[in-house]
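Spelled out from the first residue to the last, the chains are:
Protein chains: 2
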Amino acid sequence: MNLVLLFPEDLTAPGRACLSGRRLRHVREVHRAEAGDELAVGLLGGLMGRGRVVRLDDESLELELLLDQEPPPKLPLTLVIALPRPKALNRVVAAATSLGAARLVLLNAWKVEKAYWSSPKMKPESLREQMLLGLEQAKDTVMPELSLARLFRPFVEGDLPTLLEGGTGFLAHPGSGGTSPKALAAPVTLAIGPEGGWIEAEVRSLLGAGLKPLDLGPRILRTETALAALVGRIF
Amino acid sequence: MNLVLLFPEDLTAPGRACLSGRRLRHVREVHRAEAGDELAVGLLGGLMGRGRVVRLDDESLELELLLDQEPPPKLPLTLVIALPRPKALNRVVAAATSLGAARLVLLNAWKVEKAYWSSPKMKPESLREQMLLGLEQAKDTVMPELSLARLFRPFVEGDLPTLLEGGTGFLAHPGSGGTSPKALAAPVTLAIGPEGGWIEAEVRSLLGAGLKPLDLGPRILRTETALAALVGRIF
Chain C
1 MNLVLLFPED
11 LTAPGRACLS
21 GRRLRHVREV
31 HRAEAGDELA
41 VGLLGGLMGR
51 GRVVRLDDES
61 LELELLLDQE
71 PPPKLPLTLV
81 IALPRPKALN
91 RVVAAATSLG
101 AARLVLLNAW
111 KVEKAYWSSP
121 KMKPESLREQ
131 MLLGLEQAKD
141 TVMPELSLAR
151 LFRPFVEGDL
161 PTLLEGGTGF
171 LAHPGSGGTS
181 PKALAAPVTL
191 AIGPEGGWIE
201 AEVRSLLGAG
211 LKPLDLGPRI
221 LRTETALAAL
231 VGRIF
Chain P
1001 MNLVLLFPED
1011 LTAPGRACLS
1021 GRRLRHVREV
1031 HRAEAGDELA
1041 VGLLGGLMGR
1051 GRVVRLDDES
1061 LELELLLDQE
1071 PPPKLPLTLV
1081 IALPRPKALN
1091 RVVAAATSLG
1101 AARLVLLNAW
1111 KVEKAYWSSP
1121 KMKPESLREQ
1131 MLLGLEQAKD
1141 TVMPELSLAR
1151 LFRPFVEGDL
1161 PTLLEGGTGF
1171 LAHPGSGGTS
1181 PKALAAPVTL
1191 AIGPEGGWIE
1201 AEVRSLLGAG
1211 LKPLDLGPRI
1221 LRTETALAAL
1231 VGRIF
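Chains C and P, in that order, are what the protein sequence lines are. Note that the working numbering numbers the first sequence so that position 188 is 188, with each residue one more than the last. Heads up, the working numbering is the position in the second sequence plus 1000, with the first residue counted as 1.
Watch out, some of these pointers could steer you wrong.
[Claimed, not checked] Computed cross-link-like contacts, DSBU-like style, restricted to lysine-lysine with a CA-CA straight-line distance of at most 30 Å: (1) C/121 x C/74; (2) C/87 x C/114; (3) C/87 x P/1123; (4) C/111 x C/121; (5) P/1074 x P/1212; (6) P/1087 x P/1114; (7) P/1087 x P/1074; (8) C/121 x C/87; (9) P/1212 x C/74; (10) P/1074 x C/87; (11) P/1074 x C/212; (12) P/1087 x C/87; (13) C/74 x P/1087; (14) P/1114 x P/1212; (15) P/1111 x P/1212; (16) C/87 x P/1121; (17) C/114 x C/212; (18) C/123 x P/1087; (19) C/121 x P/1121; (20) C/123 x C/87; (21) C/111 x C/212; (22) C/212 x C/74; (23) C/121 x P/1087; (24) P/1074 x P/1121; (25) P/1123 x P/1087.
[What the hints assert, rightly or not] Over the 10 Å line for every Cβ pair with chain C, so calculated as not near, a few chain P residues: (26) 1010; (27) 1021; (28) 1024; (29) 1029; (30) 1043; (31) 1045; (32) 1055; (33) 1056; (34) 1123; (35) 1124; (36) 1125; (37) 1140; (38) 1157; (39) 1200; (40) 1222.
Because the hints were derived from the structure by calculation, they are not lab data. Don't be surprised by glycine CBs; every beta carbon is placed ideally from N, CA and C.
All chains, full assembly: derive it from the sequences and hints.
And the structure:
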């Protein structure tokens, strides 16, 4: 937690906040903060700055706030990720958020098991928690836009071409021999396949919708590793 | 497991291997392989290719091997990583391996808690297992060279300048405003700090040893996310 994220309901008076629960425990046990210490804080969806610890006990933490910094800009990036297995989902959502993607679409694919969609980790509050963890990690306050595309074809044929207007889109696909873009400024859409990869028909649909193939080389990377490597390369 | 990794002791005759345990379970339960199917296989430290399932039951898996491909080249990269907390260590070691780093040094730092060094996850067999998982993920057969540097100063003043000979080295340090190298071919050394970052004295020592500062931007990333983003950027 590099940033203590504040919610509107934490604000008790102008320039004052009162926290409890997980954030209180973290500030006491990891930061080992005491009265007078300053913490990096940010208001969800708003400004960031410093919070001076006014009082702290077993029950709550009171902060005096000075919020005067804009959050870091989002990357002009839409990540379209084939829904990972539940065990990997949390890491992928938190990593995509911490990297600064503006939008995240979780997409169905042939090799995505149906059961993944009904995992408890897919509940809105669970997905939201992972995005909050990503913001706290990266020192950001702005949630990415998250959407779920449970049907491959309507998304790829209907939504994807609209997403691509005025920008560039890439399909990460090992063995495609595709271009290796670097330091693009335009809005970028990046599609990353499931474990086991896209099937041929999916590759055809995605390329047909306007994505360009992109080959990271012979190594097959875990989704969260691949997306970080691609973000590092493209931006 | 994108590659079934074979060990010399698995070889029962020329071109034949017999496996059991974790790999057998994975091939049965995840790959759902049957007699006649072909699997991607590789001999640890050697060639890769195909293994045709000759026989498979509850006890063992017998493969007929055709090993005719070189493993993918390693990146000319030495990662010097401040020892992560045990919970993150496995992910970091597996990610560094899957990305293809030739060498991995786990280094002490001021903000590395002493207890991390005596974690069960630091046992040689545990570290080796994570590297094997990274190889199986990335379809590689060659282990990175791993070394542990429990003393910061002797490593940075003694070993690091030698490592840097004939190559370039970077110190990932948020806020340093350092250069943003791209697509370097020369051997690269990359130093990544602990949670909470390097302290000032460490930054001075690392720069003094010849590393150049490198700033990934205002976002603070988890070690494994940062290293993938840096590898994606540099290579």
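List, from low to high, the hint numbers that the structure doesn't satisfy.
As far as the earlier hints go, 37, 40 are violated by this structure, in ascending order.
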